[in-house]
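Student: Using the hints, position chain V against chain H.
There are 2 protein chains.
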Amino acid sequence: MFTDEYFMKMALQEAEIAFEKDEVPIGCVVVSNNRVIARAHNLTETLNDVTAHAEMQAITSAANFLGGKYLINCTLYVTLEPCVMCSGALYWAQISKVVIGARDEQRGFINKNLSLHPKTEIVSGIMENECSLIVKEFFKAKR
Amino acid sequence: MFTDEYFMKMALQEAEIAFEKDEVPIGCVVVSNNRVIARAHNLTETLNDVTAHAEMQAITSAANFLGGKYLINCTLYVTLEPCVMCSGALYWAQISKVVIGARDEQRGFINKNLSLHPKTEIVSGIMENECSLIVKEFFKAKR
Numbered sequence: 001m002f003t004d005e006y007f008m009k010m011a012l013q014e015a016e017i018a019f020e021k022d023e024v025p026i027g028c029v030v031v032s033n034n035r036v037i038a039r040a041h042n043l044t045e046t047l048n049d050v051t052a053h054a055e056m057q058a059i060t061s062a063a064n065f066l067g068g069k070y071l072i073n074c075t076l077y078v079t080l081e082p083c084v085m086c087s088g089a090l091y092w093a094q095i096s097k098v099v100i101g102a103r104d105e106q107r108g109f110i111n112k113n114l115s116l117h118p119k120t121e122i123v124s125g126i127m128e129n130e131c132s133l134i135v136k137e138f139f140k141a142k143r
Numbered sequence: 001m002f003t004d005e006y007f008m009k010m011a012l013q014e015a016e017i018a019f020e021k022d023e024v025p026i027g028c029v030v031v032s033n034n035r036v037i038a039r040a041h042n043l044t045e046t047l048n049d050v051t052a053h054a055e056m057q058a059i060t061s062a063a064n065f066l067g068g069k070y071l072i073n074c075t076l077y078v079t080l081e082p083c084v085m086c087s088g089a090l091y092w093a094q095i096s097k098v099v100i101g102a103r104d105e106q107r108g109f110i111n112k113n114l115s116l117h118p119k120t121e122i123v124s125g126i127m128e129n130e131c132s133l134i135v136k137e138f139f140k141a142k143r
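Residue numbers (the UniProt record's numbering), protein chains in the order written: chain H, 1 to 143; chain V, 1 to 143.
Warning: the hint list may mix true and false statements.
Where chains are identical, the list cannot tell them apart; a pair therefore holds if satisfied intra-copy or between any two copies.
No more than 20 Å apart at the CA atoms, straight line, and that leaves these computed lysine to any residue pairs for SDA-like [to be verified]: (1) LYS21 / GLY68; (2) LYS97 / VAL36; (3) LYS136 / THR44; (4) LYS112 / LYS140; (5) LYS9 / GLU20; (6) LYS140 / VAL24; (7) LYS97 / LYS136; (8) LYS136 / ASN64; (9) LYS119 / ASN129; (10) LYS136 / GLY68; (11) LYS119 / ILE17.
Keep in mind the hints are simulated off the structure, nothing from the lab.
Chain H on its own, in the form it takes in the complex (with noise of 0.2 Å):
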C-alpha cells in the first residue's frame, strides 16, 4: 500500500492545490516511518516571497513536526526536481531519500552538478508524466 506512487500522488494533490491559486503548480509531502509529517505547495506568488517552494515550507513544517532538525528516517516526495535553493536546503536538512517526479533540467540541481547530503538516496521518474504534465499546462495556460 505504501508505494512511492502512493505518496507521490499525495504530492501531485498539493501541486493541484497550488495550480487553483494560480501558483507554479509543485507539491510535496515528507514522509516519516509511512506517515505524512508535512505536507506543502508553491505559494511564491500567495506570499510575495521567492522562498516559499513547497520544499522549503515542508522542510520547516517536518523540523517542527519532529522537534529537531534534521530530517532523519524521512523522504521527501515531490512532484518536481527541486532547485538550486531547494537542493541546498534539503542537503543541510540531511534528509533520507528524496522521491522526485519529473525532472528540471533548466533549473533542477541535477544539471547544475550539485549534489544533495551523502546520506540522502534520490529515486526519480515516480509519476512522471503526471507530474510534468501540470507544469506543462499552467504555462501553457499563462501563454
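Tutor: Positioned in the frame of chain H, the structure of chain V alone reads:
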C-alpha cells in the same frame, strides 16, 4: 558616509547577536536607497530550522517591506559568502547587488560553480578579516 564598510559593519553587528545566542555568527542587512530595510542573523538552532540562515530571513523580510518578491535596487550585505541554498534564493530574488565579507571556500556557492542572477553585481572582501574572525572564534570556542 554610506560606504560598503558602513553597511557591512551593521551586518557584523547582526553576526555578533547570533554569536551571543550560540548560533553560527553570520549576519546580513538589505539596503535600498541607503536605507536598511531588513536585518537578520542566523537562527538555525533557535528555530530548529536549517532554512533559517540570515540571508533567507532577510530576503523574506525585505520582500515583505517592499510588497513585492523581487529585490530590485536592493543590496544584500552579508558577513560570509552565501551557501548553495542562499545563493539559490538570491537568484530567485533577482537582487541587484550582493556584498560579501569573507569567502567560504568549503560551503560557499562560488566554488560550487554557481552564479547569481545575471542582474546581480557581486563584491567580495569588505571587512573580510573581521567577518572571518568571528566565525573562527565561534568554532574555536566549540572545540
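Student: Determine for every hint whether it applies to the structure shown.
Tutor: Here is what the structure says about each hint:
| no. | hint | result |
| --- | --- | --- |
| 1 | LYS21 / GLY68 | between (31 Å within a copy, 18 Å between copies) |
| 2 | LYS97 / VAL36 | within (14 Å within a copy, 40 Å between copies) |
| 3 | LYS136 / THR44 | within (18 Å within a copy, 36 Å between copies) |
| 4 | LYS112 / LYS140 | neither (26 Å within a copy, 33 Å between copies) |
| 5 | LYS9 / GLU20 | within (17 Å within a copy, 45 Å between copies) |
| 6 | LYS140 / VAL24 | within (12 Å within a copy, 44 Å between copies) |
| 7 | LYS97 / LYS136 | neither (26 Å within a copy, 33 Å between copies) |
| 8 | LYS136 / ASN64 | neither (33 Å within a copy, 30 Å between copies) |
| 9 | LYS119 / ASN129 | neither (28 Å within a copy, 34 Å between copies) |
| 10 | LYS136 / GLY68 | neither (36 Å within a copy, 25 Å between copies) |
| 11 | LYS119 / ILE17 | neither (31 Å within a copy, 32 Å between copies) |
Checked against the numbered hints above, the structure violates hints 4, 7, 8, 9, 10 and 11; every other hint is satisfied.
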